[in-house]
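J.: Chains Z and U are the protein sequences, given in the same order.
Under the numbering used here, the residue at position 19 of the first sequence is numbered 20, and the numbers go up by one with no gaps.
Under the numbering used here, the residue at position 88 of the second sequence is numbered 80, and the numbers go up by one with no gaps.
These are calculated hints, taken from the structure and not from any lab test.
Among the hints, erroneous ones may be present.
[Stated by the list, open to error] Some chain Z residues flagged as far from chain U (calculated, every beta-carbon gap over 10 angstroms):
#1 Lys2
#2 Val5
#3 Gln19
#4 Ile27
#5 Ser52
#6 Asn57
#7 Gly63
#8 Arg64
#9 Glu83
[Claimed, not checked] Derived coverage of chain U by chain Z (criterion: at least 3 residues anywhere in the stretch with Cβ under 8 angstroms from a Cβ of chain Z; other residues may be distant):
#10 45 to 54
#11 66 to 72
[Unchecked claim] List time: in silico EDC-like cross-link candidates among lysine to aspartate or glutamate, alpha-carbon distance up to 20 angstroms:
#12 Lys48/U x Glu53/Z
#13 Lys60/U x Asp47/U
#14 Lys48/U x Asp86/Z
#15 Lys63/U x Asp41/U
#16 Lys14/Z x Glu98/Z
#17 Lys63/U x Glu31/U
#18 Lys2/Z x Asp86/Z
#19 Lys58/Z x Glu76/Z
#20 Lys89/U x Glu100/Z
#21 Lys89/U x Asp23/U
#22 Lys34/U x Asp88/U
#23 Lys63/U x Asp99/Z
#24 Lys2/Z x Glu100/Z
#25 Lys34/U x Glu100/Z
#26 Lys14/Z x Glu53/Z
#27 Lys48/U x Glu76/Z
#28 Lys48/U x Asp23/U
#29 Lys58/Z x Asp88/U
#30 Lys58/Z x Asp47/U
#31 Lys89/U x Glu83/Z
Every residue gets a Cβ at the ideal spot worked out from N, C-alpha and C, and that includes glycine.
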Amino acid sequence: KAGVTQTPRYLIKTRGQQVTLSCSPISGHRSVSWYQQTPGQGLQFLFEYFSETQRNKGNFPGRFSGRQFSNSRSEMNVSTLELGDSALYLCASRELEDEQFFGPGTRLTVL
Amino acid sequence: GENVGLHLPTLSVQEGDNSIINCAYSNSASDYFIWYKQESGKGPQFIIDIRSNMDKRQGQRVTVLLNKTVKHLSLQIAATQPGDSAVYFCAETYTDKLIFGTGTRLQVFP
């Protein structure tokens, strides 16, 4: 099976712009979770989607949103980008209650 | 790599020695714990997990110990190899969310 894939791998944006990141889970996995990884805050949970519904949410502002499609692929969107949004955004997929498999991440730089 | 710049605690071990990486978790109600390994340029990779009804679990070359009394997890790697060099994170499941620790960088020298 192919692993979790994320696109793009690298992205540069400027403050105030918005960005959409994409994640394709492992075939058969219906749950997709998103995480933000920064040097200062480490790995932090953003949200989890299961069967197109948001199942759980972390403590991030409303500028961070996501969705999941019927084929389990997921996107996350960040609007009105701030410098502090520069991070590695990781996506993980699983079949519920099983271990999570992470993708390689999207490195977002906000200038 | 993604972890450059992170001011992580670092454990340096000689190849062939055993490594012990420690982690303090936050929530006494957490019931599931996982160790992840993250190499430069990659996402975290599952190593081993343990549920709160156990205090020890062994895998291939790795052992996880759980002490619920003091909310402490440890990862033991036997016969550490250069390929074990990475950042290691513990994670706890609390209110169905995965909460990660800050991580420890393991450096293996010949």
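J.: Would you check chain Z against the segment 45 to 54 of chain U, counting CB to CB pairs closer than 8 angstroms, and say if three or more residues qualify?
T.: violated (count 0)
J.: For Lys14/Z and Glu53/Z, compute the direct alpha-carbon distance and say whether it is at most 20 angstroms.
T.: Roughly 28 angstroms separates the two Cα atoms, so the pair is violated.
J.: Mind checking the alpha carbons of Lys58/Z and Glu76/Z for me, to see if they're no more than 20 angstroms apart?
T.: holds, 15 angstroms
J.: Is the nearest Cβ of chain U still more than 10 angstroms from the Cβ of Gln19/Z?
T.: holds, 23 angstroms
J.: Minimum Cβ separation between Val5/Z and chain U greater than 10 angstroms?
T.: Its Cβ does come within 10 angstroms of chain U, the nearest being 7 angstroms, so this is violated.
J.: For Gly63/Z, which was marked as not at the interface, is the minimum beta-carbon distance to chain U over 10 angstroms?
T.: holds, 18 angstroms
J.: Straight-line Cα separation of Lys48/U and Glu53/Z no greater than 20 angstroms?
T.: At roughly 37 angstroms apart (the allowed maximum being 20 angstroms), Glu53/Z and Lys48/U break the hint.
J.: Checking one constraint from the list: CA of Lys48/U to CA of Glu76/Z, max 20 angstroms. Satisfied?
T.: violated, 38 angstroms
J.: Hinted pair, alpha-carbon criterion (20 angstroms max): Lys89/U, Glu100/Z. Please report holds or violated.
T.: holds, 13 angstroms
J.: If I take the minimum Cβ distance from Arg64/Z to any residue of chain U, is it greater than 10 angstroms?
T.: holds, 20 angstroms
J.: For the pair supplied as a hint, Lys63/U and Glu31/U, confirm whether the alpha-carbon distance does not exceed 20 angstroms.
T.: violated, 26 angstroms
J.: Does the alpha-carbon distance linking Lys89/U and Asp23/U stay inside the 20 angstroms limit?
T.: holds, 11 angstroms
Checked against the numbered hints given earlier, the structure breaks hints 2, 6, 10, 11, 12, 14, 16, 17, 18, 22, 23, 26, 27, 30 and 31 and satisfies all the rest.
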